[in-house]
Amino acid sequence: MTALIALEGVSKSFGSVRATDQFSMELEDGEALGVIGPNGAGKSTMFNIITGAVRPNAGRVLFAGRDITRAPAHERCRMGIGRSYQIPHPFANMTVFENLLVGAAFGGNRSEAACYEDCHEILGRTGLLEKANALAGALTLLERKRLEMARALATRPRVLLLDEIAGGLTEHECVALVETIKTIHRTGVSIVWIEHVVHALLSVVSRLIVINFGQKLAEGDPHQVMASAEVQEVYMGISAE
Amino acid sequence: MSEGAATYRVARGTRASRYGALVAIAGLAVLISLPFWGGRADMRTIVEIAYYLALAQLWNLLAGYAGLVSVGQQAFLGLGGYALFVFAMNAGVHPIAAIPLAGIAAALFAVPTAFIVFRLRGAYFAIGTWVVAEVYMLSFAQVSALGGGSGMSLPAAVVKGIAAGRMWRETAIYWTGIAIAVGAIALVYLLLRSRHGLALTAIRDSEEASSSLGVDNFRTKIWVYIVAAFGTGMVGALVFLTKLRISPEAGFNVVDWTANVIFIVVIGGIGTIEGPIVGVIVFFVLRELLADFGSWYLIVLGGIAVLMMLRAPQGVWGLIAERFDIRFFPVQRRLVFDPASFRFVADDREEDKRDR
Numbered sequence: 001m002t003a004l005i006a007l008e009g010v011s012k013s014f015g016s017v018r019a020t021d022q023f024s025m026e027l028e029d030g031e032a033l034g035v036i037g038p039n040g041a042g043k044s045t046m047f048n049i050i051t052g053a054v055r056p057n058a059g060r061v062l063f064a065g066r067d068i069t070r071a072p073a074h075e076r077c078r079m080g081i082g083r084s085y086q087i088p089h090p091f092a093n094m095t096v097f098e099n100l101l102v103g104a105a106f107g108g109n110r111s112e113a114a115c116y117e118d119c120h121e122i123l124g125r126t127g128l129l130e131k132a133n134a135l136a137g138a139l140t141l142l143e144r145k146r147l148e149m150a151r152a153l154a155t156r157p158r159v160l161l162l163d164e165i166a167g168g169l170t171e172h173e174c175v176a177l178v179e180t181i182k183t184i185h186r187t188g189v190s191i192v193w194i195e196h197v198v199h200a201l202l203s204v205v206s207r208l209i210v211i212n213f214g215q216k217l218a219e220g221d222p223h224q225v226m227a228s229a230e231v232q233e234v235y236m237g238i239s240a241e
Numbered sequence: 001m002s003e004g005a006a007t008y009r010v011a012r013g014t015r016a017s018r019y020g021a022l023v024a025i026a027g028l029a030v031l032i033s034l035p036f037w038g039g040r041a042d043m044r045t046i047v048e049i050a051y052y053l054a055l056a057q058l059w060n061l062l063a064g065y066a067g068l069v070s071v072g073q074q075a076f077l078g079l080g081g082y083a084l085f086v087f088a089m090n091a092g093v094h095p096i097a098a099i100p101l102a103g104i105a106a107a108l109f110a111v112p113t114a115f116i117v118f119r120l121r122g123a124y125f126a127i128g129t130w131v132v133a134e135v136y137m138l139s140f141a142q143v144s145a146l147g148g149g150s151g152m153s154l155p156a157a158v159v160k161g162i163a164a165g166r167m168w169r170e171t172a173i174y175w176t177g178i179a180i181a182v183g184a185i186a187l188v189y190l191l192l193r194s195r196h197g198l199a200l201t202a203i204r205d206s207e208e209a210s211s212s213l214g215v216d217n218f219r220t221k222i223w224v225y226i227v228a229a230f231g232t233g234m235v236g237a238l239v240f241l242t243k244l245r246i247s248p249e250a251g252f253n254v255v256d257w258t259a260n261v262i263f264i265v266v267i268g269g270i271g272t273i274e275g276p277i278v279g280v281i282v283f284f285v286l287r288e289l290l291a292d293f294g295s296w297y298l299i300v301l302g303g304i305a306v307l308m309m310l311r312a313p314q315g316v317w318g319l320i321a322e323r324f325d326i327r328f329f330p331v332q333r334r335l336v337f338d339p340a341s342f343r344f345v346a347d348d349r350e351e352d353k354r355d356r
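Here the protein sequences line up with chains R and F, keeping their order.
Letter by letter, the first sequence follows residues 1 to 241 of our numbering.
Letter by letter, the second sequence follows residues 1 to 356 of our numbering.
Among the clues, some could well be false.
Okay, the calculated beta carbon distance ranges per label pair [stated by the list, open to error]:
hint, chain 1, residue 1, chain 2, residue 2, range
1, R, A71, F, E249, 25 to 31 Å
2, R, R70, F, R119, 17 to 23 Å
3, R, H199, F, R219, 42 to 48 Å
4, R, A71, F, I281, 44 to 50 Å
5, R, E117, F, A29, 39 to 45 Å
6, F, P313, R, E117, 36 to 42 Å
Don't read these hints as lab results, they were simulated from the structure.
Think of the CB as a built atom: it goes at the ideal place given N, C-alpha and C, for glycine as much as any other residue.
Throw the hints in and build the complete structure from the sequences for me.
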């Protein structure tokens, strides 16, 4: 079976900094994959390369077997790649409902009226229904993070890229978020989730990749990966000795 | 959250928009009847207000929504003006009918122009559009068939061909002016209410997010640029039909056709439909008040613009809308949750009534 997303030897430098260095990975259709690594390890750059916000200097990006290395971001979204930003980018002067409509109408390639039902349903599922008519610029940080996910869902993605969506949440909110993500995953959407809140991550994903200095440090069963000495040292700052 | 059998619909109108529409229709009726009771000077001033209003709406569409801060819209105004002269004088087209043709001509020029200026971004785009407009001006000054640097006048025979009698000629031009201003507002309003309006407002707020949600930013912007050129070209034809004379200097004038228009949009409130309307009123009132002060006029205008940008970048309309929460041109989509009985209340202004 072809992987849904495949990165082949991808590199990206910003000036003298190698944010991504000869990086390869695969995501199977229907899989939930977790990504961890220290700050500045190149996790968000990897997302930007997958979504087309950043073009790699070398390597290939494939989606469902098709080379999309040169495809623009909006086309990749229409193919089924949805993403939420680590730092929310709301359409501040549009309402929450309209924010979803943008994704639904353009990412989902539908007429506007055909999106209302979906958007209404997603607002309910992500707990934003009460805020439907609020301007997105007036939302709290947590609501903005939910909006990021809701908007990406509205594009009817085959894979959802979540970038540190649980950071700053209370324990209770975090549990609710994990449930939401599990539900999305059950409906057949593949997940790639970058997260520092490891316990939340581990309750969803079935495979874990650890990135350090733009390279893959470890990969495999989440609990085994977390237990490995290498990861403990680099990621948790615990000495291997 | 479970809302089971809850019903909802998507509302587009506001109370202000309903009353506003009534007032606008009444106002428009008064304006249309003006040639039968008003003075000729009034008609001329209103035509001038009308074409500045149209230019302001179009520039606002470009800069306020698509983020295309063009300082070169005079390129399309001059092209439209010249196109009118060519169609009316050389092809024998009726001058009023030549106005939309001039718009099409300007739009055709916009396509290759776009391929040059769209390589540039932000401030470079602004400078680039200005440079291109200057190139158009210098090029037209070289064409002796179009009167070269000194320009040309519309022959009396062509002018007489508009309509029989001076009163009907002036009335025809006046009504055309009103139609172009109303047309520009309607164009922007309907565009923003459509699916494309979602893309435009999204691009205005965050280009990075809009592309990651499937909006083709580049294509949307190109279309906006071409549509704005079409409208600006039509205005150019109208302007020089009232002036009866065109020269490269007058046609491609950056102060008249871009600086003044930017002033209007910035003062009124960028990124709203009401803003340019408020701005054009402020602009003409200031012009009346400062008419006797010579070049102080432009200095005061510039000073006010700078002050507004620093103190109230949302413009006069932005301040009003914030304070009183009113919108006369509602382009928002609001989700309204209906109690069951509410479904029987007919309101044909609320589109897309849907039940779950």
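- Query: Looking back at the hints listed earlier, which ones does the structure fail to meet?
  - Reply: Per hint list: single violation, 1.
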